[in-house]
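J.: Residue numbers (UniProt numbering), protein chains in the order written: chain A, 1 to 336; chain B, 1 to 310; chain C, 1 to 333.
Simulated from the structure, these hints should not be mistaken for laboratory data.
The model shown is predicted, which means the values in this text are computed figures rather than measured ones.
Any given hint could be a false lead.
Said to hold, decoys possible - Partial selection, computed: residues in chain B whose CB lies under 8 Å from chain C:
#1 F107
#2 S111
#3 I115
#4 S192
#5 R196
#6 D200
#7 R203
#8 S207
#9 H216
#10 P219
For every residue, glycine included, the Cβ atom is placed at its ideal position computed from N, Cα and C.
Given next are the chains, with one letter for each unit.
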Amino acid sequence: MINTSKRSAALLEVDGLSVTYGLMGASSRAIENVSFALGAGEAVGLVGESGSGKTTTAMAIAGLLSPNARVSSGEVRYRGNVLPIDDDAAMRPHRWSETSVVFQGAMNALNPVHRIITQIAEPCMLKLGMPRGEASARARELLELVGIPADRGTAYPHELSGGMRQRVMIAMALACRPSIVIGDEPTTALDVITQAQILKLLGKLRSQLRLALILITHDLSVVAEACDRVLIMYSGRIVEEGTVAEIFAQPKHPYTRLLIDSIPNPANGKKMIRPIPGDPPNLMNRPSSGCAFHPRCPSVMAVCPTEVPSIDQFGQERVACHLYRSSQEDRGASHA
Amino acid sequence: MSESTTRYSPLGPARAVKGFLQQLLSHGGAKVGLVCLVFFLGVAVMPNVLVGPLQTAVNATGDFLAPPSSQHLLGTDEVGRDVLNLVVHGARISLTIALLATLISLFVGTSIGMIAGYYGGSVDVWLMRLADFFFVMPSFVLALVITPVVLEVMGRGGDILGFRPSLFVILVVIGMTSWAFVARIVRSQTLSLKERTFIDRARVVGSSNFSIMVRHILPNLVPQIAANGALVVASAIYVETSLSFLGLGDPLQPSWGTLLSLAQRAGAASAGAWWYLGAPGVCVLSVSLSFVLIGNALDDTFNPRRRVIP
Amino acid sequence: MRDTTDILRLESLQVHFPIQGGLFDRALGRPAGAVRAVDGIDLNLTRGEIVALVGESGSGKTTVGRVIAKLAQPTGGKLLFEGRDITSERGSSALRPYRHRVQMIFQDAYQALNPRHTIFDIVGEPLRSLRLVDNATQLAERVGEALASAGLSPPGDFFSRFPNELSGGQRQRVVIAGALAVKPELIIADEPVSMLDVSIRAQILQVLVDLRSKHNMALLFITHDLPLAWSIADRIAVLYLGKLVEIGSADEITFNPRHPYTAALRNATPQIGGNANPAELRALQGEVPSAARVPKGCRFHPRCPLAFDRCRQDEPPSVEVGPQHMSACWLAQ
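All chains, full assembly: derive it from the sequences and hints.
T.: Shown next, in the form of structure tokens:
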């Protein structure tokens with residue numbers, strides 16, 4: 001559980017959030033007991049493989065869960081107020097003006113028959129009730145903000161490159177002046193150099209607009225470059241949380257450690273990549289008990305298959321692993 | 001390397017078929033269509049058991065144009081034949097012609113559509129112009145042209161594959177005019193299939209064009225062919241009926257269309273003999289409707305937007 | 001067999017796709033252009049060597065792979081396999097000996113497997129179509145062997161399963177098993193891990209690296225990921241807009257790039273413990289131009305931070321800048 005008094009300044013607090021999907025009569029938990037806080041202007045990376053629940057977490061925060069999903073416990077607070085995340089109609093005034101989302105492959109979400117400036121002006125008119133002229137001026141302003149010359153606004157989506165279109169999507173996400181932007185794999189479909197440009201743009205927007213950023217990605221190195229803090233998710237739970245510097249210098253959870261080891265990194269000359277055995281579990285075949293990572297974990301202990309590790313605080317970090325809990329207890333015992 | 005084998009709900013072929021049937025039958029229309037179709041197929045398989053041999057003017061049993069009674073459930077025609085007897089025997093002729101014509105059209109349409117789509121270029125252009133030609137050709141005109149030729153060659157009395165010459169003409173005409181529709185659909189589907197990576201892989205592992213078409217493209221076309229095949233049968237029944245109605249049928253092997261034509265000529269409409277016109281008419285309507293219902297349900301079941309083709 | 005002989009050689013390979021002009025262009029007799037996807041590439045692979053072909057989308061790297069796999073026909077240049085020109089060989093029977101020795105692995109394993117075939121049929125297909133087995137027993141033996149060496153064991157468990165019953169990593173292993181079944185001497189791997197989860201990537205790469213050490217198989221590894229190329233390859237070739245801008249040993253290209261594009265690519269790649277400050281992310285300005293409108297002179301000059309007059313006029317030749325290290329940049333001359 002989150003220490004609310006300590007983090008009262010948080011912009012967004014996610015507290016014990018669990019989301020269940022109804023699938024063919026059965027129901028399965030997509031995320032379980034997810035808690036974290038986000039400060040104004042802070043960038044948090046939400047890292048996990050497919051099926052880890054990172055997208056579900058983000059969609060829950062934005063109130064964009066699919067109809068067969070249900071918030072079974074927990075809540076999301078924005079500036080201390082509980083958000084009605086499972087009520088589509090009640091969520092409407094909060095969406096886009098408090099939290100907005102830039103989707104993966106969003107470049108294809110643009111309507112091909114309208115000029116981009118019209119598409120950016122539309123949310124301004126609909127959401128903020130701006131008159132056409134004002135909305136159009138705002139759209140030009142937004143285009144300049146994301147690094148597209150305002151004159152290019154008359155272009156149609158197909159005339160722009162993938163990177164440009166992703167910039168347009170970011171401009172649309174900023175239209176209603178949100179204080180949090182959620183990027184769902186916003187650079188995955190882009191080339192390396194374009195990705196760097198977009199990450200640079202997001203960094204600039206953060207400092208310029210004091211924008212908080214939740215970056216959902218499977219790519220640890222993107223997080224290393226663009227975020228302050230990292231949340232590592234595995235099989236629906238947060239397994240580790242910490243600052244970028246801490247996590248990459250001294251990962252605690254065996255999964256995080258293996259994940260970092262499986263990325264070749266010329267910066268430290270680490271050429272040999274170490275495979276993690278097995279497949280990441282999907283929604284349907286998660287281990288029924290204990291720590292979800294135990295079938296693949298090299299440091300597995302007797303307790304791991306039976307007991308779900310609780311997430312414990314270690315200074316600035318949080319880790320959910322029996323390895324650390326037992327050592328803490330040992331320490332406690334030796335002190336006593 | 002030890003890898004825990006992840007099992008994703010193993011679906012054997014048997015279970016896949018079962019799932020498919022369940023999904024198909026969840027359409028109300030498909031249920032109605034299947035029941036109706038099974039009934040007519042049953043009737044067509046054993047007409048002699050149900051109503052005895054086909055009646056002719058010689059062995060007719062009833063009055064002229066008698067309304068339905070306990071003895072003649074569907075009344076009689078202008079020479080005293082039992083309409084029920086005629087309709088039941090007509091089912092066999094009509095369904096056989098429609099199904100055979102559909103087979104011809106599916107075979108020709110699939111081969112030509114697949115070859116055109118797979119090879120592309122000038123092969124595609126020429127085959128599709130040929131398809132366009134047959135697509136716009138009115139079946140009645142074609143029948144008028146072919147009939148005398150067949151009759152000249154085969155003689156009026158003989159039969160071809162058990163069909164009287166004029167019925168054979170109808171069969172061929174329907175086959176010739178409906179394949180173009182199938183070819184168009186198959187071609188467009190082939191065009192999208194051949195861009196799939198598994199076709200590239202098949203070429204890299206050395207498969208010949210023929211084997212790629214037969215082993216990779218054809219099985220993935222089956223849903224489209226099945227769904228459209230049902231629609232082709234429906235239209236074949238209509239075309240057969242109208243051609244027979246216009247007088248191309250054979251009185252010795254009366255189909256439903258022939259019966260309608262005979263009824264028309266006997267003045268059944270003006271004489272108020274509704275049973276004579278109505279019985280074959282309802283049969284044509286219900287059989288083609290059931291094929292349309294099944295076709296639509298198949299299309300829905302296979303539709304990739306609703307379900308990824310397994 | 002000599003070990004350092006070239007197994008594959010590309011000589012000024014060129015693939016231009018014609019552009020169909022619009023109705024107006026044709027009526028006015030305007031010449032329709034061409035997309036210069038691959039615009040004169042020289043590359044060689046020796047036996048048992050792993051070469052990575054690195055480039056962004058639109059660089060032509062996939063087209064090069066498709067030409068070598070005989071899925072695309074070059075419009076110019078030569079493709080030599082063991083010194084024999086096979087540029088114009090076509091047709092499945094003529095290519096049978098070549099296919100036996102050169103196989104390909106695809107990016108999207110799900111798309112690369114026919115959803116209606118069983119794993120046995122899929123892995124057995126090359127053995128059947130290349131006539132490498134005489135009977136069913138032999139076929140089953142070879143299929144099992146291939147599945148096992150791709151890390152799918154016990155192989156028998158997979159024979160009658162369909163692709164949609166497997167996980168992403170297992171599907172890619174099936175594709176690899178299909179390529180391995182014929183015991184090729186060269187495998188072209190087109191982004192084989194980019195669609196896979198991070199924790200699975202290393203497993204698949206391990207399988208590929210093992211092939212080289214066990215069977216001395218050569219590998220052309222096509223990727224957009226420079227660190228990944230560095231970790232697996234002996235040599236890296238960097239492709240920009242259809243031309244090789246730099247080629248050299250993996251370490252040289254990664255740590256001592258001599259072409260501004262390679263340097264930009266390296267700097268743009270996010271790294272753990274690389275740039276601490278996100279604002280420091282150096283991104284090149286602009287985007288890759290269309291291959292239909294290749295810039296005059298050096299094709300990188302509109303985006304190059306170091307461009308000078310000569311770059312706008314003349315195309316730089318590829319020159320040796322170190323042992324086995326070539327760069328096509330006027331600054332390297």
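J.: Minimum Cβ distance from B/P219 to chain C below 8 Å?
T.: Holds, about 5 Å.
J.: Taking 8 Å as the limit, does the beta-carbon of B/S111 come near enough to a beta-carbon in chain C?
T.: This interface hint is violated because 19 Å lies over the 8 Å limit.
J.: Have a go at the B/R203 hint: is there a Cβ in chain C nearer than 8 Å to its own Cβ?
T.: Holds, about 6 Å.
J.: Can we keep the B/F107 interface hint, with Cβ of chain C closer than 8 Å?
T.: violated (20 Å)
J.: Classify the hint on B/R196 as holds or violated, based on whether any CB of chain C lies nearer than 8 Å to its CB.
T.: Where the cut-off is 8 Å and the nearest Cβ of chain C is about 6 Å from B/R196, the hint holds.
J.: A closest beta-carbon separation below 8 Å is what the hint needs, so does B/I115 meet it against chain C?
T.: violated (16 Å)
J.: Does B/S192 hold up as a contact with chain C if the rule is Cβ-Cβ below 8 Å?
T.: It is violated, given that the least Cβ distance between B/S192 and chain C is near 12 Å, above 8 Å.
J.: Can the hint on B/H216 be confirmed by a CB-to-CB distance to chain C that is less than 8 Å?
T.: Interface hint status for B/H216: holds (5 Å vs cutoff 8 Å).
J.: Quick check on B/D200 please, does its C-beta sit within 8 Å of some C-beta on chain C?
T.: holds (5 Å)
J.: Any CB of chain C closer than 8 Å to the CB of B/S207?
T.: holds (5 Å)
Hints 1, 2, 3 and 4 from the list above are not met by this structure, while the remaining hints are.
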